[in-house]
Each structure stands twice: as C-alpha cells, then as structure tokens.
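Here is how the chains run, residue by residue.
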Amino acid sequence: MQGPLTQFLMKNPSVLIFLGLLSAFTIFAAIGSEAFGIGFISTSMIKTLGKTLCFCLIAIAMDLVWGYCGILSLGHFAFFGLGGYMIGMWLMYERTRLIVESSMANAALPPTPQEIQEAIGTQIFGVVGGAEIPAIWAFAHSLPIQLALVVLVPGLLALVFGWLAFRSRVTGVYLSILTQAMTLALALYLFQNDSGLRGNNGLSGLQNIPGLDHVPQSHISLYFLLASAFALGLGFVIAKLIVENKMGNVIKGIRDNEARVRFLGYHVETYKLFIFVLTAIMAAIAGAIYYPQAGIINPAEIAPIASIYLAVWVAIGGRGRIYGAVIGAALVSMLSSLFTGGQIPNIEVGPVNVVWVDWWLVLLGVSFVAVTLYAPKGIGGLIDMIKMERTK
Amino acid sequence: MNEALLEVRNISVSFDGFKAINALSFSIAEGELRAIIGPNGAGKTTFMDIVTGKTRPDAGEVIWGEKNVSLLKRQESQIARLGVGRKFQKPTVFEEQSVYENLLMALDNDRSPFSVLFYRHNESDDQRIAALAEEIGLQDHLEKRSGDLSHGQKQWLEIGMLLAQEPRLLLVDEPAAGMTQEERQKTVDLLRRAAQSRAVVVVEHDMDFVRKLDCRVTVLHEGSVLAEGSLEHVTENQDVIDVYLGR
Chain H
1 MQGPLTQFLM KNPSVLIFLG LLSAFTIFAA IGSEAFGIGF ISTSMIKTLG KTLCFCLIAI
61 AMDLVWGYCG ILSLGHFAFF GLGGYMIGMW LMYERTRLIV ESSMANAALP PTPQEIQEAI
121 GTQIFGVVGG AEIPAIWAFA HSLPIQLALV VLVPGLLALV FGWLAFRSRV TGVYLSILTQ
181 AMTLALALYL FQNDSGLRGN NGLSGLQNIP GLDHVPQSHI SLYFLLASAF ALGLGFVIAK
241 LIVENKMGNV IKGIRDNEAR VRFLGYHVET YKLFIFVLTA IMAAIAGAIY YPQAGIINPA
301 EIAPIASIYL AVWVAIGGRG RIYGAVIGAA LVSMLSSLFT GGQIPNIEVG PVNVVWVDWW
361 LVLLGVSFVA VTLYAPKGIG GLIDMIKMER TK
Chain Y
1001 MNEALLEVRN ISVSFDGFKA INALSFSIAE GELRAIIGPN GAGKTTFMDI VTGKTRPDAG
1061 EVIWGEKNVS LLKRQESQIA RLGVGRKFQK PTVFEEQSVY ENLLMALDND RSPFSVLFYR
1121 HNESDDQRIA ALAEEIGLQD HLEKRSGDLS HGQKQWLEIG MLLAQEPRLL LVDEPAAGMT
1181 QEERQKTVDL LRRAAQSRAV VVVEHDMDFV RKLDCRVTVL HEGSVLAEGS LEHVTENQDV
1241 IDVYLGR
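First to last, the sequence lines map onto chains H and Y.
Everything in the first sequence is counted per my numbering, starting at 1 for the first residue and increasing by one.
Everything in the second sequence is counted per my numbering, starting at 1001 for the first residue and increasing by one.
Bear in mind the hints are in silico, worked out from the structure with no lab data behind them.
For clarity, every value in this text was computed on a predicted model and none was experimentally measured.
Some hints could be false.
[Unchecked claim] One side only, chain H facing chain Y, incomplete, derived with CB under 7 Å:
| no. | residue |
| --- | --- |
| 1 | I17 |
| 2 | F18 |
| 3 | R97 |
| 4 | K246 |
| 5 | N257 |
| 6 | F263 |
| 7 | F339 |
| 8 | E348 |
| 9 | P351 |
Think of the CB as a built atom: it goes at the ideal place given N, C-alpha and C, for glycine as much as any other residue.
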C-alpha cells in the first residue's frame, strides 16, 4: 500500500505543499482564535475564514467539472445550497424541539407528542402562515438521515439533470444556460412560501447547534473551521487523485475533443455524468459545512449569480490546476467581503463618489475581463510561468 | 459473402436534399488493405461517418463481423469497442497531453469509468506503449506534449493510437495530407505493416500515395461506387477518367 501512495505524492508535490499550508493556516487560526488562543482573530473572522475554506472546496469542484472536464456548469451553487438546506433542516428542527420541550416541561400537564409537534410546527412555519410540518421534514429529527440527504438529494438532482442533458448531447453554452435555468428554477421554487422550506425566510439560527448550547460560539466556530479545512484537504486530495490518473486523461480529452474520445471507445456521457455528480456532491458537502457558519440560508443564496461568481473565481485563480481554484476562491471571496464589509473608506473622485459596496462589482468585472484578456490561465498560469523560468 | 469483415449494403443518406451517399455497397475482408479515392464531395468522409456511427443513413445496412452485427443502432463508443478504429482528416490528438498519455488512453483496456478511475500503471502497459512508440517512430518523445509534435508526428501518433486500440478495421482519412515526401513514405510503410494483421481502409486524394499502398482501389463518385479493382484497372476505366482523372 505504501508504494502507490508514495509514488503519487512524489509525482504531485503540490498535494503535500497544499496540505502543509492548510495545516499551518488552521493552526494559525486556532492560535489566533478567542477560543483557545490569544484572541487576535475575532469569532466572526474565524467564521469568515471557515466559510472561505468552503468556497475553496466548491471551487475545486468547479475546476474539476469545468477546468478539467470542460462542462461550464453555472448551477453548482444549487447543489451547495441544497446541501445547506438539508443540514439546516436538522439544525432548525432539533433546536426548536429542544426549546419547545424545555418550555413545555414546566406546564401543569405533561405535553403529548402531538402538542409538541404542533408547537414545533408553529415555531418553524408560523412565519409562512402554517403550523403543519411538511412531509419533506419527515426525517428532520434524525441527524444521520439528514447527513445522508446532504449527499443524496443534490447527488440525485445532478444525476437526473446530467443524465437528461448529456444524453441529448447538450454541450457548450447551451448546457451552461440549462444549468442556469436549473438553479434559477430551484431558487424560484424555494422562494414560494408553500415550498415547505420557509420561502424567502429560509432557515435561520443554524449557528446554534442543538444540544451544544453550553458551548460558546467562539469554540463552535473553530470546530467548523477545522471541519472546513479537513473537507477542503480531502477534496483537494480526491481531486488530485482523479486528475493525475487515467481518469484525468480521459476527462481532459473530453474537454478538448469529445468526439475523438468517443471514437476511442469511451462512453463520454457516463464520464461526464460521473464528474458532474461527484462535483455536485462535493459542492453539497461544502454547503453543508458552510451554512452552520453563516447561520442562515435562504433561496437568494442559490440565485444564478452565485454560480456565475463561482466561475469567475475559478477563472481568476486559473482553470485546470486545482490549486488555482483554491487561490481564486480564497482571494476573490476575501476581497469581496473586505470591499463590501465597509472596511475600505469610500473615495471621492471628482463628481464620482466611489462607494466600494457598489464599485466592488465593477472592480471584479474589470479584473475578470483583464484576466481573460491578458492572463487566460489566471493566477495559476502566472505561477506556471515562474516555475518555467526557474527550470530554464 | 460471410468472409467479409464489414459489409455495407445499399446505404443512402442525404443532407438537405443533397444525396451524399446514394445506394452505396461496399465490403472489405478480414486483413485487407483498401484505398478509397474519389473527387471532393464523392462521399468518402460521409461513408466513414456512417460506419463509425456518427451519421445515421436514411436507408441500407451496415453489417459487422462473423456474427453479422448491425452497426446502425449502435453508439460511436460501442462501435469503437467492437473493433472499428478511425483516424480523422486533420490530426486529432489530445494536444495538451503527452504522447504517453495519448497512447495510454487508446490502449485496449477496459473503458468503464470505474476501471479507468482505479487504473494503476503497470509494466505490461508501459511495454506496449513503448513498442507502439517505436512502431510510429516517437520512442524519444513519449513525455513530450503532443501539441508540440510536428504535423507528421501527430499523424503518426494518431495512427499509433489507432493501433493501440487493437481494432480489426482501421479507417484512415487522408493520412498523407500536408506531409513531406519522406513522411509519406514512412506513413505508407506504417499502414502496410498495420494491414498485415487487420483490415485497413485508406481514403486518399493523392494518387501517388495510393500507388505506393499497392492495393485494391474503390473509386467513389456522387455517393456510389464507380469502379473497383487494382489501381491500373480503375485508372483505365473510362468513367473514372471522365469524372476524376481527366479533370
């Protein structure tokens, strides 16, 4: 067993470098945290860092499906959001149940299970004018089942959608439009009050982990940062194992010349479906770790624009090199929260008042155009050039 | 008739009213080398598209192998796995990948995603790739990005990939296009060697190249067979001279 692993690591030093940097980063965060360290990193900053790691993970998924397999999916945030909804259902249901039960425990008569159910229903769905717990919440009491659904629901959606699209040989920009339509349709559906997922209110209070009320948020945020880092590390290794093997050769072949791969005897549709579903699941897991840190999820999160940002991250970071996606997602999402968070003072330029919350999008757009024109391989491409210079 | 490896019966196909293939019948035996010639628009490439499953004919049959399997309802990848290899007009190799990786993908191994996902490099595959690289004269370029190869080398790599597939029938579309004299000779040798163990159909414009192949020739014109026989035989055919050579 030692043989192939050592070989793989020898051939791909970037895996060890990445895991090393990621570990160093988490240790740094832990030391800086308010929970266990000297406290110069605030709890909300820890959450931002953890969420950024989740963005890096979905960016890896995007790089696999787009950068390596050539499928420009503009719908992967749908899977991210669904993963978040699936875990959010358990978080919200269980916590509401605990609160309801403890408040009813003081009543003169012990509450019946039906009364408890009704109280939970009113608590959660009162906001959309209901008291019934919808059928899709049937398993919300069970963490293992909801965790399984984190993988199964987005995986199944990707499977059905991908099967239909790839089988009809929808490719290129048409496929991109279809994926946009998918995420838009899902968002619009979830916006409805009778969707069973609280309409535009979404699910909230997700930062409160049921049964862990005694653990302060500063600790929980750090645990989630560690979980995010672990998932990202695992995602990186899995992605590398795929692309640095024969599977990588085949999917890159599909990206560059689909017909040729077909004439070599490979069933292209199956390969695309495999990558599409796998990356959907990666996105879903990223979402399931992200939303407990964000605290709230609502349908706006899966609006088409989110998935377009995802493509921008990967393009800026550099397609087809995995670590490029991580760089792009980390850099752009951190800059985005910096510019939109009000930390940067607005500037008066003559008659124009540059308000960064608005102008950040302009800046992002300009840099996207600049990267496309002058550095089509993104930041990762610049790193390649430095490497080439050295070996010369 | 049962000896034919591939038999095409009475196929027709039209695109927007233009009959690209018109009641074409054609058959090739196991291990035969055959050249197909004909002017532009004679239906040579469309013929290959039909055999490999890219285009569906409006009528006719395509029968394969001793079990007389119809190829018409099959997908491109299935036809390829049955043993039909195809080389395109333009060299189509995976330019971003090395010569080694190109050959590895083409090697006659299991094509299912799971066996590909868990593929482990092994000695016997490496040896087969080395032997193939030797055959196509690229043994010193295995680690080279195939996009950096010369035009001729790309053509050979593609032929090497076809050989790696271990097909029973090789369809080769204009292999000599854009090649130097020297490269042409090497290509002729390569194809003749390939034909020793499998059937090879070469579509070619270049008469000199066809002469060197020294094999049976089928002349296509307006989507059907105009003449068939040795090169001498068909070049003496008055119809052939009229539509093709005489121009």
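To see whether the hints hold, each was checked on the structure:
Using the Cβ-Cβ criterion of 7 Å, the hint placing I17 (chain H) at the interface with chain Y is not satisfied: the shortest such distance is roughly 23 Å. Violation of the interface hint for F18 (chain H) is found here, the shortest Cβ-Cβ separation to chain Y being roughly 21 Å, above the 7 Å cut-off. Because the smallest distance between the Cβ of R97 (chain H) and any Cβ of chain Y comes to about 42 Å, over 7 Å, the interface hint for this residue is violated. Hint status for K246 (chain H) relative to chain Y: holds, with the closest Cβ pair at about 4 Å, below 7 Å.
At its closest, the beta carbon of N257 (chain H) sits 6 Å from a beta carbon of chain Y; the interface hint therefore holds under the 7 Å criterion. With a cut of 7 Å, the hint placing F263 (chain H) at the interface with chain Y holds, because the nearest CB-to-CB distance is about 5 Å. Interface hint status for F339 (chain H): violated, as the beta-carbon distance to the closest one in chain Y is roughly 35 Å, over 7 Å. Taken as an interface hint, E348 (chain H) does not check out: its beta carbon lies about 48 Å from the nearest beta carbon of chain Y, beyond 7 Å.
Checking P351 (chain H) against chain Y: minimum C-beta separation of about 49 Å lies over 7 Å; hint violated.
Against the hints set out earlier in the document, violations occur for numbers 1, 2, 3, 7, 8 and 9.
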